[in-house]
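This is what each chain is made of:
Protein chains: 2
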Amino acid sequence: MARTRGASFDQQRAAIIEAAARLFAARSFAGTSTAQIAAAAGVSKPLLYHYYRDKEALLFDIADGYMDRLLALVAAASSQGLAPEAHFRALLRAFMAEYRTSQDKHMVLVQDVKFLSSERHAAVVAKQRAVVDAVAAAIGRLKPRFTRRALRVPLAMILFGMINWTFTWLRPDGPLAYEDMAEVVTELFLNGVLPAPLVQAAPRPRAKAAAPAPAGRSAERRLAK
Amino acid sequence: MARTRGASFDQQRAAIIEAAARLFAARSFAGTSTAQIAAAAGVSKPLLYHYYRDKEALLFDIADGYMDRLLALVAAASSQGLAPEAHFRALLRAFMAEYRTSQDKHMVLVQDVKFLSSERHAAVVAKQRAVVDAVAAAIGRLKPRFTRRALRVPLAMILFGMINWTFTWLRPDGPLAYEDMAEVVTELFLNGVLPAPLVQAAPRPRAKAAAPAPAGRSAERRLAK
DNA sequence: CCTACCGATCGGTAGG
DNA sequence: CCTACCGATCGGTAGG
Chain A
1 MARTRGASFD QQRAAIIEAA ARLFAARSFA GTSTAQIAAA AGVSKPLLYH YYRDKEALLF
61 DIADGYMDRL LALVAAASSQ GLAPEAHFRA LLRAFMAEYR TSQDKHMVLV QDVKFLSSER
121 HAAVVAKQRA VVDAVAAAIG RLKPRFTRRA LRVPLAMILF GMINWTFTWL RPDGPLAYED
181 MAEVVTELFL NGVLPAPLVQ AAPRPRAKAA APAPAGRSAE RRLAK
Chain B
1001 MARTRGASFD QQRAAIIEAA ARLFAARSFA GTSTAQIAAA AGVSKPLLYH YYRDKEALLF
1061 DIADGYMDRL LALVAAASSQ GLAPEAHFRA LLRAFMAEYR TSQDKHMVLV QDVKFLSSER
1121 HAAVVAKQRA VVDAVAAAIG RLKPRFTRRA LRVPLAMILF GMINWTFTWL RPDGPLAYED
1181 MAEVVTELFL NGVLPAPLVQ AAPRPRAKAA APAPAGRSAE RRLAK
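As they're listed, the protein sequences go chains A and B. Letter by letter, the first sequence follows residues 1 to 225 of my numbering. Letter by letter, the second sequence follows residues 1001 to 1225 of my numbering.
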């Protein structure tokens, strides 16, 4: 049969990207040499430069491609016509499922986008902002009062903090499953945000009574200012 | 008056560490040259090597010193004899107050500890674990059932996610104050964790009724397994 | 405490 | 005369 030049091309390209993501995640973009990437991918350095014009092109391909995956995931969740809370739950499940198999790319995105040229950096940041805005909008639908960006975006960033920080401690083969993390975070966030305005002392049955927060210190009011 | 050699020594050393933390945060440890650090600190490269034996010693001084600050902050909160919830609130206030002025060190700790030698890396990680354990213990006291590490530590990491992720988006001169972040996170976490076992459908008044989570999918049960 | 350097290794590309 | 690659080495710069 005919020589599958295309297949080999794609396979080598995939091997290079995978090796680069792994090495960038472990030693950072600046701490990884192109010779190390080529060796890890099983190709010569000139061949690596045949596929990518320079080291930065590798980084951009990793970061931009990963953002495309996250954007597709956000779009898929939105296209299902779910009710607000079901939509929110679906989003978190989708994110954690993606994170489980994308730890390297996740780390590269967090720590190495700063090495991109300003144009490429701006392109990746724009996609990040689109993902954040989509999640912020989903949060806004959970609770009608969360309509202002000043309130929704910080809550979205707090939510992303909970799940994105997993790259520092959660392991795919560890005792806590990624899908369980999605559920814990979902419940914590919904319980934390839905029942009462933030900070205002909600009536909660507790053994030790805490001093009710003064109304003037309402964080929600501060966020909305 | 006598030449204040000691003062100059400490000042130069502080200038070097500050410059190093700023550059490491911006371009990472591997992407920063010692010449850049020396220039930013206003000293010659040989003088920099008079204070620090190599580049890694700078990194260790930043990371280890910052962990000492966080440990001191945790110890100070514990020494006040506060009730569980007040103790928890005090901890978050103290962390966010520290983070507000330690953005560079915070980023260096997150992204560059991996460049430390294994001994120094282990020393920093041990201090990080001590901080996490202290916060996990404080969470355990909030709710007596959170007594097992399998439950407390993931919740502590979720909490650290919320506040540590701020280094990617929260700015000291931005519209949202760090002290307000502390309050929002405190309320979100307490509301999210205290009232009901995680995941089990709690009776909440909502417009749109969501499907109650099946009992078998209780995240708390999974965490505790 | 500076100028002047070193062994090595960097990212990227030459000839064939 | 293409493409897809290799072994070898380029000019500059890193940490020290």
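Keep in mind the hints are simulated off the structure, nothing from the lab. Don't take every hint at face value.
Unchecked claim - Some chain B residues judged to face chain A by a derived CB distance under 8 angstroms, without partners named:
#1 1027
#2 1111
#3 1113
#4 1117
#5 1121
#6 1160
#7 1161
#8 1162
#9 1165
#10 1189
#11 1192
#12 1193
We treat Cβ as the ideally placed atom computed from N, Cα and C, and that holds for glycine.
We went through each hint and held it up to the structure:
Evaluation of the residue 1027 of chain B hint against chain A yields a held restraint, the C-beta minimum of about 7 angstroms falling below 8 angstroms. Checking residue 1111 of chain B against chain A: minimum C-beta separation of about 5 angstroms stays under 8 angstroms; hint holds. A hinted interface residue such as residue 1113 of chain B counts as satisfied when its beta carbon comes closer than 8 angstroms to some beta carbon of chain A; here the least separation is about 10 angstroms, so the hint is violated. About 14 angstroms separates the beta-carbon of residue 1117 of chain B from the nearest beta-carbon of chain A, more than 8 angstroms, and the hint is not met.
Violation of the interface hint for residue 1121 of chain B is found here, the shortest Cβ-Cβ separation to chain A being roughly 13 angstroms, above the 8 angstroms cut-off. Proximity of residue 1160 of chain B to chain A holds as hinted, the smallest CB-CB distance being about 6 angstroms (cut-off 8 angstroms). Restraint check, residue 1161 of chain B versus chain A: the minimum CB separation of about 3 angstroms is within 8 angstroms; hint holds. For residue 1162 of chain B, the shortest C-beta to C-beta distance to chain A is roughly 4 angstroms, which falls under 8 angstroms, so the interface hint holds.
Because the closest C-beta pair between residue 1165 of chain B and chain A is about 3 angstroms apart, less than 8 angstroms, the hint holds. A cut of 8 angstroms between beta carbons decides the hint on residue 1189 of chain B: the least distance to chain A is about 6 angstroms, and the hint holds. For residue 1192 of chain B, the interface hint holds, the least distance from its beta-carbon to any beta-carbon of chain A being 3 angstroms, beneath 8 angstroms. About 6 angstroms separates the beta-carbon of residue 1193 of chain B from the nearest beta-carbon of chain A, less than 8 angstroms, and the hint is met.
This entry does not satisfy hints 3, 4 and 5, going by the numbered hints stated previously.
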